[in-house]
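Here the structure of chain A is known, so what remains is to put chain B in place on it, guided by the hints.
Residue numbers (the numbering used here), protein chains in the order written: chain A, 1 to 360; chain B, 1001 to 1128.
Just so you know, the hints here were simulated from the structure itself, not pulled from any lab data. Treat each hint with caution, since some may be false.
Pairwise CB distance ranges (calculated) [as the list claims (entries may be wrong)]:
no.: 1; chain 1: A; residue 1: Gln357; chain 2: B; residue 2: Gly1055; range: 43 to 53 Å
no.: 2; chain 1: B; residue 1: Ala1094; chain 2: A; residue 2: Gly275; range: 22 to 32 Å
no.: 3; chain 1: B; residue 1: Lys1003; chain 2: A; residue 2: Asp203; range: 37 to 47 Å
no.: 4; chain 1: B; residue 1: Ser1002; chain 2: A; residue 2: Gln357; range: 52 to 62 Å
no.: 5; chain 1: B; residue 1: Glu1111; chain 2: A; residue 2: Met342; range: 33 to 43 Å
no.: 6; chain 1: B; residue 1: Ala1126; chain 2: A; residue 2: Gln4; range: 52 to 62 Å
no.: 7; chain 1: A; residue 1: Asp207; chain 2: B; residue 2: Ser1019; range: 50 to 60 Å
no.: 8; chain 1: B; residue 1: Arg1105; chain 2: A; residue 2: Lys288; range: 19 to 29 Å
no.: 9; chain 1: B; residue 1: Ser1002; chain 2: A; residue 2: Gly275; range: 46 to 56 Å
no.: 10; chain 1: A; residue 1: Lys349; chain 2: B; residue 2: Ser1019; range: 22 to 32 Å
no.: 11; chain 1: A; residue 1: Asp20; chain 2: B; residue 2: Asp1113; range: 29 to 39 Å
Cβ coordinates follow ideal geometry from the N, Cα and C atoms, glycine included.
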Amino acid sequence: MSKQTPLHRAHVDAGARMVDFAGWEMPVNYGSQIEEHHAVRRRAGMFDVSHMLALDLDGADARKFLRAVLANDVAKLTVAGKALYSCMLTPSGGVIDDLIVYHFADDRYRLVVNAGTADKDLGWLRERIDRDAAAVDLTPRRDLAMIAVQGPEARRLCWQALPGSEEASGTLPPFHAADCDGVLIARTGYTGEDGFELSVPADRAEDLWRSLLDAGVAPCGLGARDTLRLEAGMNLYGQDMDEDTSPLDAGLAWTIDFKDENRHFIGREPLEQAGARRRMLGLVLEDKGVLRTHMKVATEHGDGITTSGSFSPTLQKAIAFARLPLAVAPDERVTVDIRGRMAEARTVKLPFVRNGQCLI
Amino acid sequence: MSKVPADLKYTKSHEWIRSDADGILTVGITDHAQAALGDIVFLELPEAGRQVAAGDAVAVIESVKAASDIYAPVDGEIVDSNADAVDAPEQVNADAYGNWLFKLRPAEGAELDALLDAAGYEAEIAES
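Excised from the complex, chain A in its bound form (with noise of 0.2 Å):
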């Protein structure tokens, strides 16, 4: 039996076609996942993402805490409000999961994990409290509901939507986040759009939902948020890494602090000693077909594999994502493995669009 968000009731009355999902009964698409799709890019949409799961982690020990167990710095982050993306890593380097951070006081942070993810961070965390006995407590916030409304109008449509959100969150930079009357609203989100993404308590999710629907921000289900991201170059993760992955690998050596070597953040060890093995790149299918991930790669440099792919609704090419040997650079000539048809692409480097605009 699946579980459902705060606004499933919300998802069937428009029409949603709902799939499980990391065990959750989530909308995929409301009609077109194309139309969605440019609706983001356009103009606005959002996204039900109560599946992922919110974290508050409080106490004397919170800042110490993260600085351990993430393997980007949360230090970093002077300012209430301010977020950070970051790795959680496993002792020999993998990817347990990725998530972003929100600082509100150096005792107290915010973490928002994947929802097939979700367990197993929970008890990874516990655990690392349990042994390093830090005083932090972890509560699991599933009292919130998650809307992320993404696209070129869709500050101004929240505003709208919200009251009082404009006065809360008009000069809010990207990555921070800021509370307007219980509801959190974090100018981030994962389509490369600007936008913002609001944590508000379930009770009030379905009526703030159908506020947007009312200053015309499109629904969108999973199936738009994953060729989104895809176009954003951004991880998916289970498909762009997971914990045999090394992150280095993974394109994620953005978000891997070594700066200060006193802190020894768990998995650091294993990366500097192994370093990165693999690069991650795009790929654009120049023959006719459709990019999916494991597809095998021929590159002059050797073999490598698609991660994510799927059809870029924006390029109106197939796009991937592959890990590829390290001597593959930009704009490279490769053959993918389409179910055994040998087609050609080109390796670019990542993002595929940003803000609207093909990068290209």
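Chain B only, in chain A's frame:
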């Protein structure tokens, strides 16, 4: 509820089949199939002249979501494929029964009776 026209035949693998007066079979995918696939972005259709057996994967349909094979409903020879659908695959989403994929001349003794009628196909998709 998906449309299932009464005058067509069907397969369990979600192809529809229309028998024309000259004995040629016209094949497409059902409305149920297009809805399940989502936005279709690419079609790879068989060349005329290809000999196929019932159940052979003869065409590929790619939606944003996934790639799916299309199967020959009976033994026979491919005689035509729909170039218009290849150029505008989204038309299959818009009208699955108005946009055929390929035509096939059934072989002698091809098992046309094994195909489902509309009621049989409706029962099939009601179960899934």
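Check each numbered hint against the structure and report the violated ones by number, ascending. The structure conflicts with hints 2, 4, 6, 10, although it agrees with all the remaining ones.
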